[in-house]
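From first to last, the protein sequence lines are chains A and B.
Per our numbering, the very first residue in the first sequence carries number 2; after that it's consecutive.
Per our numbering, the very first residue in the second sequence carries number 5; after that it's consecutive.
The hints are simulated quantities; they were obtained by calculation from the structure and are not laboratory data.
For clarity, every value in this text was computed on a predicted model and none was experimentally measured.
Hints are supplied without guarantee of correctness; some may be wrong.
Heads up, simulated SDA-like pairs for lysine to any residue below, C-alpha to C-alpha not over 20 Å straight-line [unchecked claim]:
(1) K252/B with V421/B
(2) K238/A with R148/A
(3) K187/B with N296/A
(4) K338/B with E314/B
(5) K370/B with K430/B
(6) K219/B with E371/A
(7) K365/A with K219/B
(8) K403/A with I228/B
(9) K327/B with E314/B
(10) K187/B with S372/A
(11) K303/B with V287/B
(12) K367/A with K219/B
(13) K367/A with Y211/B
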Amino acid sequence: MEFEYDVIIIGSGPGGYVAAIRAAQLGHKTAIIEKDKLGGICLNWGCIPTKALLKSSEIYTTMKKSDYYGITAKDISFDFSKVIQRSRGVAKSLSDGIAFLLKKNNITHITGTAELVNGNTIKVQNDKKETKLNSKHIIISTGARPRELPSISFDDDIWSYKQAMNPSNLPKSLAVIGSGAIGIEFANFYNALGVEVNVIELAERILPNEDNEISDYAIKDFEKQGIIFHLNTSVEKVTKIKGGCSISLQSNGNSKISMIKAEKVIMAVGITGNIENIGLENLGIEIENGHIKTNEYMQTNIDNVYAIGDVAGAPWLAHKASHEGVVSVEHLSNLDPRTIDKNNIPGCVYSSPQIASIGLSEIKAKESYESVRIGKFPLLANGKAKAISSESGFVKVIYDNKTGELIGAHMIGDSVTELIHGYAIAKNMEGTEEDIVSTIFPHPTISESLHEAVLNAYDMGIHY
Amino acid sequence: MSITIFMPALSPTMEMGNLVKWIKNEGDQVASGEIIAEIETDKAVMEFESADDGILGKILVKEGTVDVKVNQPIAILLEEGENINDLKDLDNKQAGEVDVKIKPLDKIVDDVKIEGSPKIDDNNLMKSENIIPQSENVNKQNESNIFEERKFISPLAKRIAIENNIDITNLSGSGPNGRIIKKDINQIMNVNPINIKSNNNSILSFYDKSKYAEKLNDNMRMVIAKRLEESNTQIPSYTLNLDCSISKLNEIRETMNSNLSDQLRLSINHFLIKITSMAMLKVPEVNSTWLSDRTLFHKNTDIGIAVALENGLITPIIRDVEKKGLMAVRDDMKILVEKAREKKLSPSEYQGGTISISNLGSYGIKNFTSIINPPQSSILSIGTARKVPVIINDAVSIDDVMSITLTADHRLIDGAVGAAFISYMKQVIENPTLMLL
Numbered sequence: 002m003e004f005e006y007d008v009i010i011i012g013s014g015p016g017g018y019v020a021a022i023r024a025a026q027l028g029h030k031t032a033i034i035e036k037d038k039l040g041g042i043c044l045n046w047g048c049i050p051t052k053a054l055l056k057s058s059e060i061y062t063t064m065k066k067s068d069y070y071g072i073t074a075k076d077i078s079f080d081f082s083k084v085i086q087r088s089r090g091v092a093k094s095l096s097d098g099i100a101f102l103l104k105k106n107n108i109t110h111i112t113g114t115a116e117l118v119n120g121n122t123i124k125v126q127n128d129k130k131e132t133k134l135n136s137k138h139i140i141i142s143t144g145a146r147p148r149e150l151p152s153i154s155f156d157d158d159i160w161s162y163k164q165a166m167n168p169s170n171l172p173k174s175l176a177v178i179g180s181g182a183i184g185i186e187f188a189n190f191y192n193a194l195g196v197e198v199n200v201i202e203l204a205e206r207i208l209p210n211e212d213n214e215i216s217d218y219a220i221k222d223f224e225k226q227g228i229i230f231h232l233n234t235s236v237e238k239v240t241k242i243k244g245g246c247s248i249s250l251q252s253n254g255n256s257k258i259s260m261i262k263a264e265k266v267i268m269a270v271g272i273t274g275n276i277e278n279i280g281l282e283n284l285g286i287e288i289e290n291g292h293i294k295t296n297e298y299m300q301t302n303i304d305n306v307y308a309i310g311d312v313a314g315a316p317w318l319a320h321k322a323s324h325e326g327v328v329s330v331e332h333l334s335n336l337d338p339r340t341i342d343k344n345n346i347p348g349c350v351y352s353s354p355q356i357a358s359i360g361l362s363e364i365k366a367k368e369s370y371e372s373v374r375i376g377k378f379p380l381l382a383n384g385k386a387k388a389i390s391s392e393s394g395f396v397k398v399i400y401d402n403k404t405g406e407l408i409g410a411h412m413i414g415d416s417v418t419e420l421i422h423g424y425a426i427a428k429n430m431e432g433t434e435e436d437i438v439s440t441i442f443p444h445p446t447i448s449e450s451l452h453e454a455v456l457n458a459y460d461m462g463i464h465y
Numbered sequence: 005m006s007i008t009i010f011m012p013a014l015s016p017t018m019e020m021g022n023l024v025k026w027i028k029n030e031g032d033q034v035a036s037g038e039i040i041a042e043i044e045t046d047k048a049v050m051e052f053e054s055a056d057d058g059i060l061g062k063i064l065v066k067e068g069t070v071d072v073k074v075n076q077p078i079a080i081l082l083e084e085g086e087n088i089n090d091l092k093d094l095d096n097k098q099a100g101e102v103d104v105k106i107k108p109l110d111k112i113v114d115d116v117k118i119e120g121s122p123k124i125d126d127n128n129l130m131k132s133e134n135i136i137p138q139s140e141n142v143n144k145q146n147e148s149n150i151f152e153e154r155k156f157i158s159p160l161a162k163r164i165a166i167e168n169n170i171d172i173t174n175l176s177g178s179g180p181n182g183r184i185i186k187k188d189i190n191q192i193m194n195v196n197p198i199n200i201k202s203n204n205n206s207i208l209s210f211y212d213k214s215k216y217a218e219k220l221n222d223n224m225r226m227v228i229a230k231r232l233e234e235s236n237t238q239i240p241s242y243t244l245n246l247d248c249s250i251s252k253l254n255e256i257r258e259t260m261n262s263n264l265s266d267q268l269r270l271s272i273n274h275f276l277i278k279i280t281s282m283a284m285l286k287v288p289e290v291n292s293t294w295l296s297d298r299t300l301f302h303k304n305t306d307i308g309i310a311v312a313l314e315n316g317l318i319t320p321i322i323r324d325v326e327k328k329g330l331m332a333v334r335d336d337m338k339i340l341v342e343k344a345r346e347k348k349l350s351p352s353e354y355q356g357g358t359i360s361i362s363n364l365g366s367y368g369i370k371n372f373t374s375i376i377n378p379p380q381s382s383i384l385s386i387g388t389a390r391k392v393p394v395i396i397n398d399a400v401s402i403d404d405v406m407s408i409t410l411t412a413d414h415r416l417i418d419g420a421v422g423a424a425f426i427s428y429m430k431q432v433i434e435n436p437t438l439m440l441l
């Protein structure tokens, strides 16, 4: 049978559009179906616009202490609507950029809602118009949406990240439920703009996916900035009161309910895959814990149907989605791609200070390896960090004592999100400690801390 | 067609050689396998065989020439019917310009097949596989062989392979472009760190965490464990035990010591080391080393002394005991034991040997058995000196005795041989004047 397309991709987020471009590169006739704006959550409501917001709060914070650097600035203030406007502008221009890339690669961009009819047929609904397309291969990259708590739903006062990045006014006070990357970034942003911020976390530490030491260091730093944390605490309910919300909190092992008030609530308690209304049941595609089950090549139980990105499960990261997009396309092109090792996917939090990590935490490393070596280096001992007065933070590495395998790296501090790739390359290439030890890092840079942390692990540290 | 003969690399480290002598002269018939010249390498004078039949047409490098570079043409071999005049102007040509068929040489290629960090010693990995098979073409062809044979392996996979002595020559990798990665090596070893861990976890579940302290095994402990495990699982061993009277030995020892200052005093161990050496010469099967396909019989007697350390033990080796007197044995032992306690022994001071002596007499241990320290053949376990009643001429008297236990590798030392060895030791211990022989 002749198909209209070789590959059709449902969803144009960082998984979908990258898959589309790679498919076109490999000579496949490719179409991508998007019901909303090109670029998905990442570009429009996630990664990119939040970084734009955080840049504004960072500049504001820096300017407030400009005197320290010998710079005089008076009447420092901000225009919140302009901050938001710039963020939206950045998202818009990048989304336009995707449209350009699709066009350049001769990818058909179809607007509408897609539903799988069978393994090769997709029904697309646009307003009242319905069309059917057929394709040899289908890639599902429909992403995910914010999760709600059982008793708490999103509304005008209880925001998801989408509302949190596009409010009409700056709230006076804010309660953030959940201290993962999204929760922390918003808490950090609003706190920097002078909003009173409470963060509620169910686990015993913030950023529970990070290494313990990172969580401990981060909470101290954020508390110094004025954020109030409630650890080991669950949110019982959110009641609407005059001028905002009343949030009932319950500490673990404590039956007493305490109350905090906040004008708005941001709920950032994870996301859930968009697996509904796309016709998965028509094909009998297997679902596991709310996401589509795939093999290492991102293939579902239907051979020619692939699923990538958030809809295919954690970690929920744009760069993981993009890479899975490439793996899926190369697999359907019989190119035998190298599969993804989840321990080689870096994760970043863009707060001030920034947090970046790859591989296993110390606790997990010790669960899986007989003997580990830990190396640490505080930015306090780094010349560049001192020169720019960004001495907060440290770099920590975990090595297999036996083989010199880099098991994990964890960093907190200025610009660490721009440095983690150094370890990612070493880890992906299976470099041992020797490869980093013998690498020359430029001076003076914060990157020298990456070197020093490894030296420290092998008792060769110079500056610490 | 003529064949150029090059200066061969007769040892892996040879870069130049001296042409000692031409066995064949120009015009002589040469058969494959016949010796044509003697070449002195950095190690020895070696005979150089022709790999082909033909006539030695032209000698390019005269007898007695020194420092001839490896792969420099040294002679031309002519095939049947070829004329020496065809080669007239050859002397002036450079090696690279020689327009003749080239005779390949076995070439040892060091470190070229494996990429990666230079510090790691590749020898284990490379040893027997690194000789490129003879082919009919060299130079450029050889280079392409090297390229084809080059193994791509990640630094981590390489290190794990070397540490576990894994041969990677026939391993295909699952990394980019067939690069060998950790996963591939682990598959070979069938080892997954997670498995080790889960095995641990099942043991850990038997004990209450609040009731034990935990300490990671250091390298020395791991090495000891590995070697003992190897020894106990791979060496078929048996033990022989006897008591010796040490009254006479002690008597002689006291006499000697009464003439020596305190620092120079001789202990029973010094005598035992010497006597062991004598017994090893008497029963050479004990002074041997088992290899899978052969046995080494040693001419000298190297004896290990078990030294207990704070966290383990080590057996430094007293070399050539047969050539040493008691004083020299004592001096050697003193230095080695001190070094061992300070953890300053170099590997050459504790590797090798054929037998070890372990003495737990000072703890009051009557007798015990030990585990052979591979690649040694046996180990002696010495018990404490104790007084026992003995009957001599129907009268009970008191004697000092000491128990000696031999644990021996049956592959090398049969029971009767082991018995002969240990009973000779007894004979000397009880009649120490034999030591004067």
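Now for the hints, and whether the structure bears them out:
1. K252/B with V421/B: violated, 26 Å
2. K238/A with R148/A: holds, 16 Å
3. K187/B with N296/A: holds, 18 Å
4. K338/B with E314/B: holds, 18 Å
5. K370/B with K430/B: With a Cα-Cα distance of about 16 Å, the restraint between K370/B and K430/B holds, given a limit of 20 Å.
6. K219/B with E371/A: This hinted pair holds, its Cα atoms lying about 11 Å apart.
7. K365/A with K219/B: Within the cut-off at roughly 18 Å; holds.
8. K403/A with I228/B: Since the Cα atoms of K403/A and I228/B sit roughly 16 Å apart, the hinted pair holds (cutoff 20 Å).
9. K327/B with E314/B: Not OK: K327/B and E314/B at ~32 Å, beyond 20 Å, violated.
10. K187/B with S372/A: Holds - the C-alpha atoms of S372/A and K187/B are around 19 Å apart, at most 20 Å.
11. K303/B with V287/B: holds, 12 Å
12. K367/A with K219/B: Holds, at roughly 13 Å.
13. K367/A with Y211/B: holds, 19 Å
Taken one by one, the earlier hints fail for this structure at numbers 1 and 9, listed in ascending order.
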